[in-house]
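> Model the full assembly from the supplied sequences, consistent with the hints where possible.
There are 4 protein chains.
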Amino acid sequence: MVLSDSIRDGDLVCLWDGENSFYILLQPGSTFTTHKGIIRHDDIRGRRWGERVRTHKGSEYLLMKPSLYEIVMYAIQRKTQIVYPKDSGLITLKLGLRPGMKVLEAGVGSGALTLVMANTVAPTGMIYAYERDRRFLALADENLRMAGLRQFVTLLEADILEGIEEDNFDAAFIDMREPWETLPILKSRLKATSPVGFILPTTNQVSNLLHALYDEGFLRIEVEEIIHRPYKPVPDRLRPVDRMSAHTGYLIFARTPAP
Amino acid sequence: MVLSDSIRDGDLVCLWDGENSFYILLQPGSTFTTHKGIIRHDDIRGRRWGERVRTHKGSEYLLMKPSLYEIVMYAIQRKTQIVYPKDSGLITLKLGLRPGMKVLEAGVGSGALTLVMANTVAPTGMIYAYERDRRFLALADENLRMAGLRQFVTLLEADILEGIEEDNFDAAFIDMREPWETLPILKSRLKATSPVGFILPTTNQVSNLLHALYDEGFLRIEVEEIIHRPYKPVPDRLRPVDRMSAHTGYLIFARTPAP
Amino acid sequence: MVLSDSIRDGDLVCLWDGENSFYILLQPGSTFTTHKGIIRHDDIRGRRWGERVRTHKGSEYLLMKPSLYEIVMYAIQRKTQIVYPKDSGLITLKLGLRPGMKVLEAGVGSGALTLVMANTVAPTGMIYAYERDRRFLALADENLRMAGLRQFVTLLEADILEGIEEDNFDAAFIDMREPWETLPILKSRLKATSPVGFILPTTNQVSNLLHALYDEGFLRIEVEEIIHRPYKPVPDRLRPVDRMSAHTGYLIFARTPAP
Amino acid sequence: MVLSDSIRDGDLVCLWDGENSFYILLQPGSTFTTHKGIIRHDDIRGRRWGERVRTHKGSEYLLMKPSLYEIVMYAIQRKTQIVYPKDSGLITLKLGLRPGMKVLEAGVGSGALTLVMANTVAPTGMIYAYERDRRFLALADENLRMAGLRQFVTLLEADILEGIEEDNFDAAFIDMREPWETLPILKSRLKATSPVGFILPTTNQVSNLLHALYDEGFLRIEVEEIIHRPYKPVPDRLRPVDRMSAHTGYLIFARTPAP
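Protein chains in written order, with this note's numbering: chain U, 1 to 259; chain L, 1 to 259; chain B, 1 to 259; chain W, 1 to 259.
By construction, these hints were calculated from the structure, which means they are not laboratory data. Don't take every hint at face value.
Heads up, the list lumps identical chains together, so a pair's fine if it works in one copy or across two of them.
Straight-line distance between alpha carbons at most 25 Å, and here's what the computed PhoX-like set of lysine-lysine pairs gives [unchecked claim]:
hint, residue 1, residue 2
1, K232, K187
2, K79, K232
3, K36, K79
4, K57, K36
5, K102, K187
Computed from a predicted model, the values in this text were never measured in an experiment.
Right, here's the structure in full:
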């Protein structure tokens with residue numbers, strides 16, 4: 001075992017009691033309170049990941065560095081349906097995201113996908129994230145700060161259908177109800193033959209989008225879905241869990257047209 | 001539409017004829033040959049992504065920048081079972097990979113997962129990739145170069161069971177037949193409570209690994225699988241394809257023990 | 001539309017209020033009571049399937065004949081994990097059940113599979129259903145009566161491991177925790193090369209059973225699972241439901257050995 | 001082990017060489033020929049299920065009674081997409097089929113579902129199976145004879161859209177391209193609130209059918225799909241197979257309207 005790094009103000013910390021996890025953003029003077037007692041943030045600062053802290057009542061919590069998966073699934077605040085890691089992991093690969101890329105995102109919602117894409121294009125790239133709803137934008141802002149990825153995202157309160165200033169994007173992802181309306185913008189603002197992606201909950205929307213993609217000359221059109229099946233991790237009684245997610249959304253990918 | 005970047009020597013280029021894709025690494029003096037005719041690499045250099053080139057027989061190909069998904073699925077050479085993007089996208093998130101991280105990988109194979117992890121920790125991080133079989137190592141080396149990610153990977157011809165020099169890893173992924181043997185090394189070489197991941201094809205191996213993970217004090221043990229279901233992208237006859245992959249492997253995740 | 005049959009005492013009746021379903025076994029003098037009011041069974045007798053009845057408060061219920069699917073899923077009483085229709089439908093086909101066959105079942109539980117098998121071998125066949133637990137046997141008895149299939153099942157309070165009297169079975173299904181113990185009995189009591197089936201929740205049990213099946217000379221051994229995915233039946237927003245069953249059990253099929 | 005029944009002319013017999021299966025309909029004077037040699041049907045007649053026969057070259061085959069699953073999957077001749085057992089098993093339960101029922105089927109195709117439904121309503125019920133295409137009807141006729149279920153099916157060369165003579169059906173299943181056109185007939189020819197089922201390959205067809213079902217007043221409308229995942233039956237290396245069916249069709253169920 002090697003020494004872990006020290007925990008500092010601004011770090012997102014997972015406190016784990018052996019069963020449940022709690023996520024806090026370390027801040028001077030704050031306290032973490034559960035029914036098992038109180039822990040002062042100031043008593044966490046300077047500890048190393050993997051160390052234990054105790055509440056004033058003596059209950060123990062392990063300090064762990066949250067993975068991006070945990071952040072998306074458990075730590076961020078949500079007011080919208082989010083893009084789940086089972087999907088966002090594949091999305092970054094299908095969009096061909098690389099450090100340094102300039103990416104358009106429309107329909108930020110709680111910022112769950114924004115986080116994941118920002119992490120991939122960082123530290124030299126940038127996500128231009130458009131969202132019409134100011135409340136969602138504020139939420140995404142907070143979630144990105146918590147994840148330590150705020151500086152790789154330009155948050156814009158705007159409807160991309162009303163026109164955008166930026167161009168020369170390497171890729172785009174659209175999470176909107178009627179994404180077919182964005183196709184002319186994607187054609188004019190992305191580099192030719194750039195990857196674009198969409199997520200849609202219903203088959204009817206997928207059919208509509210496919211029609212529009214063909215009509216607008218998009219290339220290499222694909223539709224797929226990802227099913228995530230968790231297992232009970234019991235070595236002598238290995239089996240899937242009882243219930244699982246049946247559906248998040250259909251993923252559609254294409255390339256913007258050639259000149 | 002905006003001007004794309006120019007294509008340079010060393011770039012991996014996808015040539016698409018509207019149906020099939022071909023992948024070439026652009027090199028001075030080389031030629032690309034199919035039954036539709038010949039294209040000289042020198043005639044591609046300097047063109048922009050999204051432009052078209054013609055064979056000496058007049059057949060047209062579109063020049064596209066391959067996504068990481070395409071590189072893994074279609075461009076790399078394989079001599080082993082690879083980790084597929086449906087799995088590797090999730091793996092990077094479960095391992096919490098971020099730019100700058102130092103990651104241990106054992107069982108590199110063709111380097112399909114190495115590529116994806118390198119892309120996430122780049123440009124400031126490093127994957128230390130161990131592989132006992134020299135032929136696989138040579139293959140991974142070539143595939144990483146092709147993907148432009150070679151500088152973010154330290155390839156090591158070694159069996160990690162015989163001991164390794166590096167330590168202080170932020171995360172690890174093990175793709176070996178008997179991964180339970182690596183647990184003591186993971187415990188001693190990773191930072192405390194770091195994420196570790198494994199992929200295993202059979203349920204028996206999963207049971208064995210789970211036993212070992214509990215015995216060795218690993219935390220937050222999870223098992224899951226990802227099913228990828230492609231659809232025929234026909235707007236008026238939307239439906240899944242006829243046949244799909246039934247299984248690649250079970251994914252197991254955990255955290256190294258606390259001190 | 002044609003006239004339906006009349007409802008008689010002893011019929012299982014589904015009362016549907018347009019949203020929820022209630023199942024009653026029609027009996028002289030009984031009453032059906034919900035928060036919407038009371039309906040006397042005597043007011044249902046003689047009505048036809050598809051007619052409506054009203055509670056004393058004026059709420060309307062439609063009288064429908066329950067399908068076997070509904071009976072298994074909603075009408076029977078359960079004290080055990082049941083075999084679901086997605087599995088039992090396939091089981092009858094894999095076991096090759098036909099009218100007139102003589103079938104061994106061990107581990108009757110609530111009788112959910114017994115119902116389905118009895119329906120297939122009826123009216124000339126017979127299910128010999130063994131169950132050690134008297135409470136389950138009483139439950140299965142009641143459920144079979146409710147479904148109108150009691151006369152096609154011989155319920156036996158016995159552990160088949162302690163020996164059984166019957167033989168010359170055409171097929172068998174075993175739903176027990178350690179089904180490998182039953183293989184010698186299956187070999188001696190079934191016709192040669194008869195189909196046998198098993199359901200098991202964990203992969204470890206499947207491995208154990210497979211070992212035993214090979215050791216005992218069983219033929220054509222198969223393992224499979226059935227995943228049932230419901231959709232929201234909304235024509236303009238067609239999509240799977242949010243959550244679904246992730247697992248009921250693995251199905252194992254084989255043939256008893258040749259002489 | 002008990003003595004099996006003797007094999008007679010007209011029986012469908014599975015010959016199994018330990019790896020491959022062959023299906024023959026036993027007939028006086030016929031021969032079964034493979035590259036391993038010849039077996040005369042007359043040498044099989046009178047043998048018992050589970051016995052072995054030899055070709056003139058000495059290769060051995062085991063005589064097994066085919067299950068309905070095998071008949072549908074391997075023995076019948078197909079000129080159409082068939083309804084697979086994973087679906088037909090559930091269909092019989094959702095339609096509530098019982099011995100003695102009178103069932104309407106439209107779109108018989110190769111008769112794969114007809115077989116399964118006939119087996120459930122036998123010996124006192126009847127499937128009225130409509131098919132416009134004479135070639136398919138001839139094929140279904142042959143397949144039903146082979147399966148020994150011909151007497152429980154009335155095959156009718158007709159398009160039900162042009163009107164049918166029979167009525168008073170207990171249930172119906174429609175396997176046609178535009179099944180919404182059949183709804184008025186289902187309403188007029190089935191008993192009120194009877195179960196009806198449909199299978200459709202595309203989501204667009206499902207949406208169309210759902211619209212029509214609601215418009216025509218059908219009740220309790222449901223959509224689902226069944227995924228069948230086979231495993232490699234190797235006890236120490238248990239895992240799913242590599243490739244599986246991704247889709248056969250969506251199943252839609254409803255009840256005909258009340259008066």
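> Indicate, hint by hint, whether the structure satisfies it.
Evaluation of the provided hints:
Within a single copy, K232 and K187 get their C-alpha atoms only as close as 46 Å, which misses the 25 Å cut-off; across copies the closest is 23 Å, which meets it. Taking the closest pair of Cα atoms, K79 and K232 come within 25 Å of each other only across two copies (23 Å); inside a single copy the shortest separation is 29 Å, beyond that limit. Taking the shortest Cα distances, K36 and K79 never come within 25 Å of each other, neither inside one copy (28 Å) nor across copies (37 Å). Taking the closest pair of Cα atoms, K57 and K36 come within 25 Å of each other only inside a single copy of the chain (7 Å); across copies the shortest separation is 51 Å, beyond that limit.
For the identical chains of this complex, K102 and K187 are intra-copy neighbours only, at 15 Å inside a copy versus 38 Å across copies, given an alpha-carbon limit of 25 Å.
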